[in-house]
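**Q** For the record, the sequence lines run as chains A and B.
With this note's numbering as the guide, the letters of the first sequence map in order to residues 150 to 569.
With this note's numbering as the guide, the letters of the second sequence map in order to residues 64 to 289.
Rather than coming from a laboratory, the hints here were simulated on the basis of the structure.
Only a predicted model underlies this, so the values are computations on that prediction, with no experimental measurement involved.
The beta carbon of each residue, even a glycine, is placed where N, CA and C say it ideally should be.
Each hint should be verified, as a subset may be incorrect.
What the hints assert, rightly or not - These stretches of chain A come out as covered by chain B in the derived footprint (C-beta under 8 Å, 3 or more residues): (1) 375 to 384; (2) 397 to 403; (3) 406 to 412; (4) 441 to 452.
Said to hold, decoys possible - In silico contact screen, one side only, chain B against chain A (beta carbon under 10 Å); selected entries: (5) 85; (6) 89; (7) 167; (8) 233; (9) 254.
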Amino acid sequence: MKLIHKFLLVYLVISLLAFGIGGLVTFNIFTEEIEKETNYELWRTVRYLGDLIDKGVDHEVLAQQRIKIEKLPGLKLEKDTAYFSDTLAYHRPSRAVIKQRRVDAYKTIRDTTFYISTYETLIEPEDAQSGATRSMIILFLVLVASSLVASFFVSKLLLRPFNESLQSMNRFSLQKSKPIPPSDSTTKEFRSLNDFVHKMTAKAIKDYKNLKEFGENLSHEISTPLAVASGKLDLLLQENNLKEEHLSLVADAQLAIQKLSKIQKSLSLLTKIDNSEFASMDKIDISNVLNQLMDEYADLIAMKQLELTINIEDNISVQADPVLMDILLTNLIGNSIKHNIDNGSISIELDAKHLVVKNSGDEPDVSPENFFLRFKKANQSSDSLGLGLAIVKKICDISDFGITYSYLVEEKAHQLQVVF
Amino acid sequence: MKILIIEDNDELRANMMTYLTQEGVLCESAENKNKALEKLSAYEYDVILLDIMLPDGSGIDVLSSIKSRNIKSGILIISAKNSMEDKIEGLDLGADDYITKPFFLPELNARIKSVFRRKNFDGDNLIRFEDIEINPDTFETKTNGKSIDLTRKEYELLVYFIANKNRILTKQSIAEHLWGDFVDSLDSHDFVYQHIKNLRRKITNSGGQDYLNTIYGMGYKFSKDS
Numbered sequence: 150m151k152l153i154h155k156f157l158l159v160y161l162v163i164s165l166l167a168f169g170i171g172g173l174v175t176f177n178i179f180t181e182e183i184e185k186e187t188n189y190e191l192w193r194t195v196r197y198l199g200d201l202i203d204k205g206v207d208h209e210v211l212a213q214q215r216i217k218i219e220k221l222p223g224l225k226l227e228k229d230t231a232y233f234s235d236t237l238a239y240h241r242p243s244r245a246v247i248k249q250r251r252v253d254a255y256k257t258i259r260d261t262t263f264y265i266s267t268y269e270t271l272i273e274p275e276d277a278q279s280g281a282t283r284s285m286i287i288l289f290l291v292l293v294a295s296s297l298v299a300s301f302f303v304s305k306l307l308l309r310p311f312n313e314s315l316q317s318m319n320r321f322s323l324q325k326s327k328p329i330p331p332s333d334s335t336t337k338e339f340r341s342l343n344d345f346v347h348k349m350t351a352k353a354i355k356d357y358k359n360l361k362e363f364g365e366n367l368s369h370e371i372s373t374p375l376a377v378a379s380g381k382l383d384l385l386l387q388e389n390n391l392k393e394e395h396l397s398l399v400a401d402a403q404l405a406i407q408k409l410s411k412i413q414k415s416l417s418l419l420t421k422i423d424n425s426e427f428a429s430m431d432k433i434d435i436s437n438v439l440n441q442l443m444d445e446y447a448d449l450i451a452m453k454q455l456e457l458t459i460n461i462e463d464n465i466s467v468q469a470d471p472v473l474m475d476i477l478l479t480n481l482i483g484n485s486i487k488h489n490i491d492n493g494s495i496s497i498e499l500d501a502k503h504l505v506v507k508n509s510g511d512e513p514d515v516s517p518e519n520f521f522l523r524f525k526k527a528n529q530s531s532d533s534l535g536l537g538l539a540i541v542k543k544i545c546d547i548s549d550f551g552i553t554y555s556y557l558v559e560e561k562a563h564q565l566q567v568v569f
Numbered sequence: 064m065k066i067l068i069i070e071d072n073d074e075l076r077a078n079m080m081t082y083l084t085q086e087g088v089l090c091e092s093a094e095n096k097n098k099a100l101e102k103l104s105a106y107e108y109d110v111i112l113l114d115i116m117l118p119d120g121s122g123i124d125v126l127s128s129i130k131s132r133n134i135k136s137g138i139l140i141i142s143a144k145n146s147m148e149d150k151i152e153g154l155d156l157g158a159d160d161y162i163t164k165p166f167f168l169p170e171l172n173a174r175i176k177s178v179f180r181r182k183n184f185d186g187d188n189l190i191r192f193e194d195i196e197i198n199p200d201t202f203e204t205k206t207n208g209k210s211i212d213l214t215r216k217e218y219e220l221l222v223y224f225i226a227n228k229n230r231i232l233t234k235q236s237i238a239e240h241l242w243g244d245f246v247d248s249l250d251s252h253d254f255v256y257q258h259i260k261n262l263r264r265k266i267t268n269s270g271g272q273d274y275l276n277t278i279y280g281m282g283y284k285f286s287k288d289s
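Can you make the complete structure from the sequences, with help from the hints?
**A** See below:
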């Protein structure tokens, strides 16, 4: 539910209460006024009758159905008095006995006191009530309608800065390194919200840049000391008087340096892909690239005595960055050789829609969706870095390819499928 | 062979100079762009090792200057950045090869020799070691004048060994030479062993002498005396 609708709902519920009370009050004031007016009218009638009697009209002539006049010879009043009360009487126009207003007045005319009584129709209370209710309902409906119309414009106009902020937050991307601009809204709340978002995104971008720079610097600066260390070990190896156990210490140190350097290279590759440093889109004949790769690693496959099934259609090409495509294919083929078992098998299929690389292997202990995460390995004790598939995934993401991993239990094989 | 090493890191420069001097290479060095340009205008070198990141400028500038002055040295770029653009730019500007830090010194040595061979058009281009003779243009390999049929990897392995003769080569350095980045966790030891075994067999089968010495737990050494 939109905020404006909630506002509207609350507003209308309160209005409904207010209108109810308002209707009641209106009705009361209304009837009071009418009573007052009717009393006044009745008193005027009494005075008029008094005047007529004063002029000599016989009071008995004046008396009729609604008017009662009696002479009260013994009564002396200092002042004329009138008592008003409600009475029930037949009302011809409505053909019913209804509540009417009645006056009982004692008036002294030429030293004689007369009792004059008459009654007059009030506006019927039912009428007044229904009138009040009806007008309240109409007013309420007008209010609802105008509120709906107003809310539409309000949300369009007043909430525009808010919606704009929301949209720019949705579109915000750290890579684009453009903070959300501060708003020029005249609404204080929106301005402070937007200022906050502006500051926050600017800070996030700064932090991200710092982090990126840190990563880049680290990966760059680390390579020279690694080269120095590795070179020193190379030189140490050539010393003639080293014993076997010393040689193996040197070899282990070399191995560690090599591994460190591979991690650094892979991470910096991932960063570069993230920074879209590989953005070129060329038409690449992957059938060709794949065939060359298979030639290149034929010796490894043969040495591991893997049974190779190749089904590569000719002239299949995709739009991608050539460097990334090369890395993608190398990693896929590499994995299928590395994570294979002795006398296992590899099957590679390529057609216009997919590339499927299948290789025999034991079931992984890691769940398939974690396979594409950095440093996740099927077997944590394995020697591999666990970055290969993270790179593969990233390349697929950036090239708009789909990639899925599945373990085929019956065949005891890992299957990676790239959908172009 | 005379080479100029342009590299700002003292230790790395010292490593390269030590290794290459032991190979009988005449080494000079420059630690920044200005020194390098100075040396280049005064002397001639067969091969120039060029670091891309220099304290007073980019190695790419040095490269352009070398090319504009028509200096005929072979150029091997050394870069800390494993960046494709640098590589392509360097090779486009006329560098002969590109190596990324960190590297194995034997690998650097082999690359320098290969660049030198490619540049040295006039001279005798054959690679020789005792009775082994390799023609890098035709990939033809002979022992005692008899041709041996080697696969590409075996050929690369033999050239690598001869470039670093009398040196201990670790299995990692051999694996990286043969398969590049591909080897991160390959059972490279077994693979290297297989290739060595085949190479050894092919050489001895054709009557050649076996110069491959196994250094236990470590690697191999190609040398006349075991």
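**Q** Quick check: which numbered hints come out false for this structure?
**A** Of the numbered hints, just 6 does not hold.
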